[in-house]
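The hints should help you fit chain B onto chain A, whose structure is shown.
Protein chains: 2
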Amino acid sequence: MRATVIHGARDVRLESVADPVLSTGGDAIVRVVAACVCGSDLWSYRGIAPTGEPHRIGHEFIGVVEAVGDQVDRVRAGDFVIAPFYVCDNTCVNCRNGVSTSCLTGGWWGQDDRFGGFADGGQGERVRVPLADGTLVVVPGPVTDDEIPGLLALADVMGTGHHAALSAGVQPGDTVVVVGDGAVGLCAVIAAKRLGATKIIAMSRNPQRQELAWEFGATHVIAERGDEGVAAVQQLTQGIGADRVLECVGTKESMAQALASARPGGRVGFVGVPAGGPELPVRDMFNRNVGVVGGVAPVRGYIEELLPDVRSGAIEPGKVFDLELPLSEVAEAYAAMDERRATKVLLRP
Amino acid sequence: MRATVIHGARDVRLESVADPVLSTGGDAIVRVVAACVCGSDLWSYRGIAPTGEPHRIGHEFIGVVEAVGDQVDRVRAGDFVIAPFYVCDNTCVNCRNGVSTSCLTGGWWGQDDRFGGFADGGQGERVRVPLADGTLVVVPGPVTDDEIPGLLALADVMGTGHHAALSAGVQPGDTVVVVGDGAVGLCAVIAAKRLGATKIIAMSRNPQRQELAWEFGATHVIAERGDEGVAAVQQLTQGIGADRVLECVGTKESMAQALASARPGGRVGFVGVPAGGPELPVRDMFNRNVGVVGGVAPVRGYIEELLPDVRSGAIEPGKVFDLELPLSEVAEAYAAMDERRATKVLLRP
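Keeping their order, the protein sequence lines are chains A and B.
Under the UniProt record's numbering, the first sequence has 233 at position 233, and the numbering climbs by one with no breaks.
Under the UniProt record's numbering, the second sequence has 253 at position 253, and the numbering climbs by one with no breaks.
Think of the hints as simulated: they come from the structure by calculation, not from any bench.
Among the clues, some could well be false.
[As the list claims (entries may be wrong)] Below, simulated SDA-like cross-link-like pairs (lysine to any residue); rule was C-alpha separation at most 20 Å, straight line:
(1) B/K252 <-> A/D284
(2) A/K252 <-> B/P172
(3) A/K199 <-> A/A260
(4) B/K252 <-> A/E215
(5) B/K199 <-> A/V93
(6) A/K193 <-> A/E215
(7) B/K199 <-> A/N97
(8) B/K252 <-> A/D70
(9) A/K199 <-> B/V93
(10) A/K252 <-> B/R283
(11) B/K199 <-> A/R96
(12) B/K252 <-> A/E279
(13) A/K252 <-> A/F286
(14) A/K199 <-> A/Q210
(15) B/K319 <-> B/E215
(16) A/K199 <-> A/E211
(17) B/K193 <-> B/P172
(18) A/K193 <-> A/Q210
(19) A/K252 <-> A/W43
(20) A/K252 <-> B/D284
[What the hints assert, rightly or not] Output of the computed footprint for chain B on chain A, the stretches with three or more beta carbons under 8 Å from beta carbons of chain B:
(21) 86-100
(22) 253-264
(23) 267-274
(24) 283-292
The structure presented is a predicted model; accordingly, all values stated were derived computationally and were not measured.
Just so it is clear, CB atoms sit at the ideal spot from N, CA and C, and this is done for glycine as well.
This is chain A alone, in the form it adopts within the complex (with noise of 0.2 Å):
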């Protein structure tokens, strides 16, 4: 079968690689739907975390399963499935505490082979899913093809998003800030409206993305970025900065700038990956009472809350896909994701 490699900066290629076989009793092989780049893919891509090893990648996908191992109960050959973006029993303690991305078991796709044999990344063309019965949801029939974009986007984006707005706290009522045009930023603006927040000022300086900000519920939208940024979300606050923020994107100055549109006694909800800075100032955070909550997404225990709303239409995050490709021309969506011509890409086998 064809899978994505990444072999190195700005270098990923569609490779011919074996078929992945049952090998565990608890795994199943999924046919690809579809399959999408990540923002978080481009830290690789670009070389800011370097590649080592070439390796298979891409951890967002749905499909429908092929084949499970003896010891699979609640998946079945046939089922429509979502796969969050990382391996989980759903059992553990962990699990059991909502955080299934420090799941005991569980580990990544495409870079953790002690599943029994060679971990599948998402960009391909089938994958083998170990722990089966804790990482996937079935998704009941039929699903329609005008369903995938948003079934794909609970593979990682909206429940992203969904956590960002968690983690801060959101609730009826409240303003705020969203951090981050991306396809996890426009997913926390789905999210904070769903939660009931009232104003929702989302910060993006692309015509495009502002649209679709606007479309998803935000109020306000401010393009100016750094310290304009930040006075212009306090001209909308009295002054007094938001009630909650969330912070989607990951660097440095992201950070900084969530933190300064605050309110005392605000909340940061923060799920972009770290990448500019190992350090948050406690002090400014001890003084204003400004908590940060946040942290990789465990977006598996979120896709059963989230899947009616986007079958219904209620919310629609499938939306963030503006950009859709062929498998073989991913390369191509790479180059685009990374040169902001595109938002997200949804690769079709």
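Chain B only, in chain A's frame:
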């Protein structure tokens, strides 16, 4: 009258100063019945925070109102009152948001002369209280002498421990670690128990403080610190870490210990004035979804809630006072706390 003035490192003196006089219409004169020395006063006493010009010091006191300005409504001469460790109007947007420590018109005892004249500290015979309506909480009489320590604890340490527990999100059934065995840490043990924590692990190597921690509701006491302390916490929590960690010290080491003691998805509530460094390790927080929430505790808002439990004896934070001295021995009070001969010293003018 006599009041305490700090001149520099290890140099506090009881001096003759001018009697306070009403000057803004919104102020009150309070005769101090009891005051105390705060752990944070020791930062100045030890020279870690430079003193600059000699100034009045002390920010925890209770007393009886002697006179009020003509715009004061809620407080009358003769009232027994608790003063929080700061001044606030209790009406601005930040106060309404529960963050009266960020009051738009408030300030700090002894350091702020915006209020119509030299700002008094609490370690004196009398204090002029600006914004008396917002700042002071009336204790319905009669107040007996044995209630004094418990009421004084509400001026800071009990509310601060409570803030740590609230910031960490302590809920019934939680496992809670308390880092720090000073008066605030001990009050945090009380607060964790009061909020329903079932396993409370106090970190202390001091026999007297261990004893008080047990009495306040600790279910386990760990004497080890650093990596060994973290290992002991892990052993008591099935290798996962604690749901909530209350950081009541403020050094870089104590924060590192707190972060490492939290389970994935857990939260650190921090109230120790950060003295050891400006950084929090955002990448570790991200990877394990460990949030950090807290700051300078808005105790004004907690006094009414906690007062009934103190008066009924349901909680006994007054037991943190293990030394009582006349105000004339204020220098000895500082020395006793500095040398850890006393946990918390109560001063009587």
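A quick look at each hint next to the structure:
Taking the CA atoms of B/K252 and A/D284, the gap is near 15 Å; set against the 20 Å cutoff, the hint holds. Taken as a hint, the A/K252 and B/P172 pair is broken in the structure, with Cα atoms around 36 Å apart against an allowance of 20 Å. This hinted pair checks out: A/K199 and A/A260 have alpha carbons roughly 18 Å apart, not beyond 20 Å. Among the hinted pairs, B/K252 with A/E215 is inconsistent with the structure: their alpha-carbon atoms are about 45 Å apart, more than 20 Å.
Our distance criterion of 20 Å between C-alpha atoms is met by B/K199 and A/V93, whose separation comes to about 17 Å. As the CA atoms of A/K193 and A/E215 are separated by approximately 11 Å, the hinted pair is consistent with the 20 Å bound. Taking the CA atoms of B/K199 and A/N97, the gap is about 17 Å. The hint holds against a cut of 20 Å. This hinted pair does not check out: B/K252 and A/D70 have alpha carbons roughly 51 Å apart, beyond 20 Å.
A hinted pair counts as satisfied when its Cα atoms are at most 20 Å apart, and A/K199 with B/V93 qualifies at roughly 17 Å. Straight-line distance between C-alpha atoms of A/K252 and B/R283 comes to about 11 Å, which keeps the hinted pair within the 20 Å bound. Note on B/K199 and A/R96: the hinted pairing holds, with a Cα-Cα distance of about 19 Å set against a maximum of 20 Å. Under the criterion of a C-alpha separation no larger than 20 Å, the hint pairing B/K252 with A/E279 is consistent with the structure, at around 12 Å.
Between A/K252 and A/F286 the CA atoms are separated by roughly 19 Å; this keeps the pair inside 20 Å, and the hint holds. For a cut-off of 20 Å, the pair hint linking A/K199 to A/Q210 stands: about 16 Å separates their Cα positions. The suggested pairing of B/K319 with B/E215 holds, with an alpha-carbon distance near 10 Å, which does not exceed 20 Å. About 17 Å separates the Cα atoms of A/K199 and A/E211, which keeps this hinted pair within 20 Å; it holds.
For the hint linking B/K193 to B/P172, the alpha-carbon distance of about 9 Å falls within 20 Å, and the restraint holds. For the hint pairing A/K193 with A/Q210, the CA-to-CA distance comes to about 16 Å; that is within 20 Å, so the pair holds. A C-alpha spacing of about 15 Å is found between A/K252 and A/W43, which places the hinted pair at or below 20 Å, so the restraint holds. Of the pairs offered as hints, the one joining A/K252 and B/D284 holds, with about 15 Å between alpha carbons and a cut-off of 20 Å not exceeded.
Evaluation of the coverage hint for the region 86-100 of chain A: fulfilled, as 5 residues show C-beta separations to chain B shorter than 8 Å, against a requirement of three. Coverage of the region 253-264 of chain A by chain B holds [criterion: at least 3 residues with CB-CB distance below 8 Å; count 3]. Counting residues of the region 267-274 of chain A whose beta carbon lies closer than 8 Å to any beta carbon of chain B gives 4, which reaches the threshold of three, so the coverage claim holds. Coverage of the region 283-292 of chain A by chain B holds in this model, with 9 residues showing a Cβ closer than 8 Å to a Cβ of that chain against a need of three.
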